[in-house]
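2 protein chains.
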Amino acid sequence: MSQPVSHKVDGLTRFRVDFAYDGTDYTGWAKQPGLKTVQGDLLAAMTTIFGPTENDFGMRIAGRTDAGVHAANQVAHVDLSDAQLKRLGRNPNVVARLNHMMSEAIRIHEFKPAASGFDARFSAIYRRYRYQISDNFAQKDPKQMRYVLNLTYALDPVAMNEAAQLLLGLNDFASFCKTRAGATTIRDLKRIKVRRNSQNIIEIELKADAFCHNMVRSIVGALIAVGAGKANQADLKRTLERAKRVETYKTVEPKGLTLIEIGYPADSRLGIQAERSRARRTLDEA
Amino acid sequence: MSQPVSHKVDGLTRFRVDFAYDGTDYTGWAKQPGLKTVQGDLLAAMTTIFGPTENDFGMRIAGRTDAGVHAANQVAHVDLSDAQLKRLGRNPNVVARLNHMMSEAIRIHEFKPAASGFDARFSAIYRRYRYQISDNFAQKDPKQMRYVLNLTYALDPVAMNEAAQLLLGLNDFASFCKTRAGATTIRDLKRIKVRRNSQNIIEIELKADAFCHNMVRSIVGALIAVGAGKANQADLKRTLERAKRVETYKTVEPKGLTLIEIGYPADSRLGIQAERSRARRTLDEA
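The listed protein sequences correspond, in order, to chains V and U. Counting from 1, one number per residue, gives the positions in the first sequence under the numbering used here. Counting from 1, one number per residue, gives the positions in the second sequence under the numbering used here.
Quick caveat, the hints were computed from the structure, so don't treat them as lab data. Some hints could be false.
Same chains, same label: a pair holds when it works inside one copy or across any pair of copies.
To be verified - The list that follows gives simulated cross-link-like pairs (lysine to aspartate or glutamate, EDC-like), each with its CA atoms no further than 20 Å apart:
{"id": "1", "residue 1": "LYS140", "residue 2": "GLU104"}
{"id": "2", "residue 1": "LYS178", "residue 2": "ASP156"}
{"id": "3", "residue 1": "LYS140", "residue 2": "ASP41"}
{"id": "4", "residue 1": "LYS143", "residue 2": "ASP18"}
{"id": "5", "residue 1": "LYS140", "residue 2": "ASP18"}
{"id": "6", "residue 1": "LYS244", "residue 2": "ASP188"}
{"id": "7", "residue 1": "LYS193", "residue 2": "ASP66"}
{"id": "8", "residue 1": "LYS143", "residue 2": "ASP25"}
{"id": "9", "residue 1": "LYS143", "residue 2": "GLU104"}
{"id": "10", "residue 1": "LYS86", "residue 2": "ASP56"}
{"id": "11", "residue 1": "LYS143", "residue 2": "GLU253"}
{"id": "12", "residue 1": "LYS140", "residue 2": "GLU261"}
{"id": "13", "residue 1": "LYS143", "residue 2": "GLU203"}
{"id": "14", "residue 1": "LYS237", "residue 2": "ASP172"}
{"id": "15", "residue 1": "LYS112", "residue 2": "ASP82"}
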C-alpha cells in the first residue's frame, strides 16, 4: 500500500475498502451487540491493527445487506488519523493482515486511499444485485446450496423477464419494501433481467440507484409467482401501482441474493454525487 | 422412474445411484456410529422409503471419500427386493423423495435400474479427481472457501505440471499412500494435469484406475512444494522411487478435493470389468 499523501480532511485520511463475503453465517452486515456480523468482524480485525475506535473508524457502507445475503464486490470507507496509520509500523500490507485475522468468509480485495470527495455510500450512482434460483430443470449442485434458492417446480424465465420490465424506471416501490418511517420508497430501477444461464440456473439481475429494504427479495418473490403461472403481468402492475406493502407474494430466502457491484462516477464527480445524494436524503428525512 | 423388469439376481434388483455432495460438514462417506456421514444420511433416507435394512441395501460406492472431500459425480449401487420396491407405492419418484428428506448438501441426480453386470465399484475403469488451489495471484472468493485451498504465496503451475508428468503410468505409489495392511499401492495414473484456470485458480486434475488412501492429497502436497520452488523434479522422482510412505511433503487439506467422475466401460463390458477388478483385489488380499 502506498502511503497516503493527500485528501486529508480534518486530519483524517479516507480509505476505500473493497471486499466480498459469504453471508451464510452472519446476521447481516451491520454490527449488533452479541451477534456475529460482517461489520463486527471487520471492525474487530481493524481494531487489532489501528487500535481502539470510538466511532467505528467512521466506517460507511455502500450496500447494507441483510442476514444471509452475500456480497461479491462490496465497498466501504473508513477515516484514519495519522496516529492510527502510524500503528501500521513496518507491515503496511493491510489487506493481507486483515484477511489473516478474519474467517475466509470475508475477503478484503483492496484497502487504499480514496480519491478526493469519495463517500462509499453517497458517491454511489447505482447498486447491482443478482438473485439465483434453481428450478426443477437444473441438476442440483450441493456446492451452490448456500447461493441458490432450490425450487422443485418449473419456472418460465421468459415470462418472468417480460413481466419484470413493467417495473423499470422511477417508481414508488412501496409495495415491495419494508418501509422505514420517513424514508422514501421511490427508486429508479435502471435494469432488470431474468434469464436461464448455461448451468440452467435462473439469474435475476437488478440495477437501481438504490434499493429499499427487502425490495429485491420481494420483487423476486413476485416474479417467481409469474414464472410459476400463479400471477400475470396485470397482477404485477397492479401490485406496483398500489404502492403499499402487500403480503401477496413471498419475500424469498436471502441465500440466493448477492450484491454484485457498486457503481461510482468518474473521480471528478465523486464529491458532487455525494452532495446530491445527501441533499436527497435530507429531503427524505424532513 | 420406470419399473425395473430385468437384471434380477437372487430376487434382487440392482439400482445405480448417481449423486453429489458437499463434504464440508460430513465425516467422510462411510457410515460410522454416532457420526454424520454421507452414507449414514443416505441410508437413513432410504430406510424411510424402503423400510429397515440389515445389510445397508447391499450398498457399494465407487469412490470412497475422506472427511471434508466433495463429490460432483459419485456413483453407488444398491440391491432391492420386490418387497422393498413395493413400499414405493404410488410415489415412485425416488430422486425427489430422497432429496426432500436430506440436507441440500447431498443431492441425488439419478436412481435407476442398473445395466446387467453393473457394480458401482468393480465395474469402474477409472476415477477422476480435481484439487483446487488459490495462490497469491488470485482474488479470493468467499463463495469458494469450502472448495479451494487458499495459499498466501505464489505457485508456478507450469513447473508443477512438468514435474507431475513424472508420476504418470503404472507405479508403486506407496510414497504417497497411507498404506492399509495387505492392500496394493500399485496404481495406473493415466493423466495428471496442472493449470491455472480462467478464474486464476490452480486446478490439479488426476485420472487413475483407482487411488489409494490419501494419494491425491499427498501428490498435491508434493506438487505445491515444486510450485513454490522448495522441491524439484529430481526430488519428486526420488520420492516416487522410494516407494515408501514419506512425511517430506504435507498432505493438503481435504476441502480442495472433489471427485469429478467415475468412468465405466460400455454396458456389454460391465460384468467382465467387475470380474477382472475382483480377481485383482483377491490377489491383493492373498
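We went through each hint and held it up to the structure:
In this assembly of identical chains, LYS140 and GLU104 lie within 20 Å of each other by CA distance solely across copies; the values are 8 Å between and 25 Å within a copy. When the C-alpha separation of LYS178 and ASP156 is checked against a cutoff of 20 Å, the pair qualifies neither within a copy, at 27 Å, nor between copies, at 51 Å. Within a single copy, LYS140 and ASP41 get their C-alpha atoms only as close as 32 Å, which misses the 20 Å cut-off; across copies the closest is 17 Å, which meets it. In the homo-oligomer, the alpha carbons of LYS143 and ASP18 lie at most 20 Å apart only across protomers (16 Å), although the nearest pairing inside one protomer, at 25 Å, exceeds that limit.
When the C-alpha separation of LYS140 and ASP18 is checked against a cutoff of 20 Å, the pair qualifies only between copies, where the shortest distance is 12 Å, while the shortest distance within a copy is 31 Å. Proximity of LYS244 and ASP188 under a CA criterion of 20 Å is satisfied intra-copy only: 17 Å inside one chain copy versus 67 Å between copies. Proximity of LYS193 and ASP66 under a CA criterion of 20 Å is satisfied in neither setting, with 22 Å inside one chain copy and 41 Å between copies. In the homo-oligomer, the alpha carbons of LYS143 and ASP25 lie at most 20 Å apart both inside one protomer (16 Å) and across protomers (12 Å), since each shortest distance falls under that limit.
Both within a single protomer and between protomers do LYS143 and GLU104 lie at most 20 Å apart by alpha-carbon distance, with minima of 16 Å and 9 Å respectively. When the C-alpha separation of LYS86 and ASP56 is checked against a cutoff of 20 Å, the pair qualifies only within one copy, where the shortest distance is 18 Å, while the shortest distance between copies is 64 Å. In the homo-oligomer, the alpha carbons of LYS143 and GLU253 lie at most 20 Å apart both inside one protomer (17 Å) and across protomers (17 Å), since each shortest distance falls under that limit. For the homomeric pair LYS140 and GLU261, the shortest alpha-carbon distance between copies (16 Å) is at most 20 Å, but the shortest distance inside one copy (26 Å) is not.
With identical chains, the CA atoms of LYS143 and GLU203 are at most 20 Å apart both within one copy (17 Å) and between copies (17 Å). Taking the closest pair of Cα atoms, LYS237 and ASP172 come within 20 Å of each other only inside a single copy of the chain (12 Å); across copies the shortest separation is 69 Å, beyond that limit. Proximity of LYS112 and ASP82 under a CA criterion of 20 Å is satisfied intra-copy only: 15 Å inside one chain copy versus 68 Å between copies.
Comparing the model with each numbered hint stated earlier shows that hints 2 and 7 do not hold.
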